[in-house]
Amino acid sequence: MPLDFFNVWLSYIYLYVGGGIFFVAGMILIRRTKAIDMRLKRDRFWWKIMLWGFVYYAIIHLILIIAALYW
Amino acid sequence: MTQIHNIGTELDWVVLIIYMVAMLLFGTYFAKYNKDTNDFFFGGRRFTWWIIAMSIVATGISSHSFVKYSAMGFKYGFSSSMSYMNDWFFVPFFLFGWLPIIVYSKIRSIPEYFERRFSPSARFFVTILQLMYLIGYVGIGFLTMGKAIMPLMPEHLTVFGFQIHITLMGLIWVTAIVVGSYITFGGQTAVIFTDLVQGAMLLFAGLMVFIVGVAYVGGWHSFWNLLPASWKLPFAGFNSPAEFNSVGTFWEDAIAGSVGFLFMNMGLIMRFMATKNVHEGRKAATVNILFMLPISAIVVGGGGWVAKAISVFNPNLIPKDVNPDSIFVLVSNIITGPGVFGFVIAAIAAALMSTVSTLLNATAAIWVNDVDKPVRVWLKKIKRDEPADEKRAMMVARISTAAFTVLGVLAVYAFSSYPTVYQAHAFFHATLTPPLMIAIFFGAFWKKFTPAGLISTVVGGVALMLLGFRFPLELIQPIAHGTPYDPIHPFTYMAALYNLIVCTGVAVIVTLLQKQLKHIASRIKKIPNHNVIMYSMVVFIVAVLIIDLLDIFFKINISPLAGLVTLTIFMTVCVALVTTFYVKYDAEAQTIGLTVWSIHKAKEWFKGSKLNEREGENVKVHYKIVDGEEDVINFSKKDMHKMAAEPGDLVYITDTRKWLGGLKSCHSVFGKPHNEDGIVYFRNLHLGKGLFVEGRLLEAEKEM
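Sequence order for the protein chains is A and B. Count the first sequence with the numbering used here and you get residues 1 to 71, in order. Count the second sequence with the numbering used here and you get residues 72 to 775, in order.
Excised from the complex, chain A in its bound form:
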């Protein structure tokens, strides 16, 4: 498999843009419907965890790509 943009970075971008659309839609929906109540400390905690989880996975994948290419 050639290590070009198409095979290395496009897969990463596709996953986080495509998946990100579903993720952001979910975050907006639970806020709009008040399913998550931002007045409650516990729910604010969960909001942060959900955002952090998305970034956490994006960073893990980024590190794995860099490790594969340059380490």
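Some hints here could point you the wrong way.
Distance windows between CB atoms, simulated [said to hold, decoys possible]:
(1) Gly289(B) - Ile63(A): 20 to 26 Å
(2) Ile28(A) - Asp657(B): 26 to 32 Å
(3) Ile28(A) - Glu765(B): 50 to 56 Å
(4) Gly576(B) - Ile28(A): 21 to 27 Å
(5) Ala67(A) - Ile550(B): 45 to 51 Å
(6) Ile60(A) - Gly232(B): 55 to 61 Å
(7) Ile591(B) - Trp47(A): 40 to 46 Å
(8) Ile60(A) - Trp676(B): 36 to 42 Å
(9) Ala67(A) - His693(B): 53 to 59 Å
(10) Asp557(B) - Ile60(A): 30 to 36 Å
(11) Ala473(B) - Ala67(A): 46 to 52 Å
Derived DSSO-like pairs: lysine-lysine, alpha-carbon spacing no greater than 30 Å straight-line [stated by the list, open to error]:
(12) Lys743(B) - Lys681(B)
(13) Lys177(B) - Lys597(B)
(14) Lys34(A) - Lys354(B)
(15) Lys681(B) - Lys713(B)
(16) Lys177(B) - Lys41(A)
(17) Lys586(B) - Lys41(A)
(18) Lys672(B) - Lys48(A)
(19) Lys354(B) - Lys41(A)
(20) Lys695(B) - Lys678(B)
(21) Lys713(B) - Lys34(A)
(22) Lys681(B) - Lys735(B)
(23) Lys586(B) - Lys34(A)
(24) Lys41(A) - Lys518(B)
What the hints contain is simulated information worked out from the structure, not anything from laboratory work. The structure displayed is predicted, hence computed values, not measured ones. Glycine residues also receive a C-beta, built at the ideal position from the N, C-alpha and C atoms.
Chain B: place on chain A using the hints.
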């Protein structure tokens, strides 16, 4: 491809058999916690997050995981772990949408949700799809187990002078009998507790294979340098090869598979329903996805990665044409010694038992709640609101578990044509997930979604999906992102995108046209022979379905593609009209508490009165038994003040030993307070439910 036989020693077999017997005994011990079907299916809704998170690991890492991810790891490298690290996108929908809805609505199965949200006919269609999904999943589990054990077996076995040729299907039947008998008697509590042991065991075994394998090739540095860079990437090629690519895996696994696993896998849903409350369920799901899944990716793929490194390190050890599905077993045999290898195979057996037992338990729950009970109501043998005959329900649950074990084995025949378990599983996800996924998603998150939208999706959407299966070049290739065409198994992965598009399209269009459909239905009602018109439509629907099926499965060219698509679209319109005409639906009443838009209301219904969300502290108490039959427990005024509780609020009380994970606990309602601080008044029923030990300190928590 070479099928390996006779690897392993007698000691390995001894370890494997001891393990299986130990698990059977361990599982059946927990049968004493099954007082009724609530315990049998949901474990009494009592467990803390860590015990559920661990048992989800065991359910999530099935034996198919070891076999299929190691196979892909051997062929393509670290990218085999893609599926384990793409599940976060639907977490907001799950944690704050689907999870609270299913818990607060007190449903006992996913099809039951559809009856309350839509109609009994919606429940009927969803029950069929759910049973197909679960039986298919059981079939995949059995197929993998057979493939995993096959390398250990000789080609022939001589018993009492008779020579028996060992076949894959023969092995699968034997495995099914063992697993089926264990779950038939144990129930959900047995499943959760054996999963706790099995989860730990399979994590240990998988990591051990990886670590020992890395050491075998000379340590981490050597292992890393043996592998080419393309092998170390976390993603496969964007759109090739046909059997494994990133874009296909995104649609088949990150989208369809993730939603399938989190939202519609009744086995997993029942795990979350076994947690003591929604908050614990959220913790279990989050810990599982954030921490356990990345570890699991190493556990299940590590064998394949190590095998690849070994094949570079010493090309003679692994045959070039080895069946990839045997690679995990083969590499484990190479790097471990006698006995240890038996332990690794026992871990695979553990994985199978966990997953299949969960799924069989779930399938039995659906049978009892969504087939047996509604049929008995329909036959007028019981009334709809009549409390269940627990003895009979338990018997039906056990018989149906055994029956679905047999059906699971029969399902194996549908998957056995695929070259690898990975592709068989991908085909299964891409085909069975989209209609249910759309049904659940729109049902829970879109207030306007109607029974006509749902049933049209299940009938018309599935018909269009089948056309895609028959005409992949014409219908799937234009959206296949350039993935290559495999004539034997065309677009196994990208079929998921096509299926999602047609199901979403049908659901959205029919729902948006609801006003017009109602208008047409009301005009038809005014015609004197309206029943003749509706019956004609039903005949037309059945006729088109028969034409589609004949064309798809028997390749009888009744009509060109354009004709079939046109007929199927007309048929879908008819389904929408017939549903709108016959199904009574109150959009206001049937959405309150059942969609994400009214979670607060669902919470109130769950409690049965206004919510008390004041934050209090937990209190520690001893119990005292008082006379009475009512389900209330009484605390002192001081303790209730500390908990910020009022009479009528919900309370959870548990043994203070955290390691029990809530096994000895129960839910109840606060009664009127007394004056004995540090004492809780129980009735005998609480002692029976919680199995509390006399003299032990208990901890009470106000729920809402």
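Starting from the hint 53 to 59 Å, judge whether the C-beta atoms of alanine 67(A) and histidine 693(B) obey it. holds, 56 Å
Does the beta carbon distance between isoleucine 28(A) and glutamate 765(B) stay inside 50 to 56 Å, or does it fall outside? The hinted range 50 to 56 Å holds for isoleucine 28(A) and glutamate 765(B), with Cβ atoms some 52 Å apart.
Between lysine 713(B) and lysine 34(A), is the straight-line Cα distance small enough, at 30 Å or below? holds, 29 Å
Going straight from one Cα to the other, do lysine 354(B) and lysine 41(A) come out at no more than 30 Å? Answer holds: lysine 354(B) to lysine 41(A) is near 15 Å, not above 30 Å.
Would you say the C-beta atoms of isoleucine 28(A) and aspartate 657(B) sit inside 26 to 32 Å of each other? Cβ of isoleucine 28(A) to Cβ of aspartate 657(B): about 28 Å, so the range 26 to 32 Å holds.
Lysine 34(A) and lysine 354(B) were given as a pair; does the straight-line alpha-carbon distance stay at or below 30 Å? Roughly 20 Å between the alpha carbons, so the hint for lysine 34(A) and lysine 354(B) holds.
Taking 30 Å as the top limit, are the C-alpha atoms of lysine 743(B) and lysine 681(B) close enough? holds, 17 Å
Distance restraint evaluation - glycine 576(B), isoleucine 28(A), Cβ atoms, bounds 21 to 27 Å: holds, 23 Å
Under the criterion that the straight-line Cα-Cα distance not exceed 30 Å, is the pair lysine 672(B), lysine 48(A) satisfied? Distance of about 25 Å is within 30 Å: holds.
Given the hint that lysine 41(A) pairs with lysine 518(B), does the C-alpha gap stay at or below 30 Å? holds, 28 Å
Please work out if lysine 586(B) and lysine 34(A) have their alpha carbons no farther apart than 30 Å. Between lysine 586(B) and lysine 34(A) the Cα gap is close to 28 Å, so the pair holds against 30 Å.
Hinted pair, alpha-carbon criterion (30 Å max): lysine 177(B), lysine 597(B). Please report holds or violated. Cα-Cα ~40 Å, so violated.
In this structure, the earlier hints numbered 5, 13 and 17 are contradicted, and the remaining ones agree with it.
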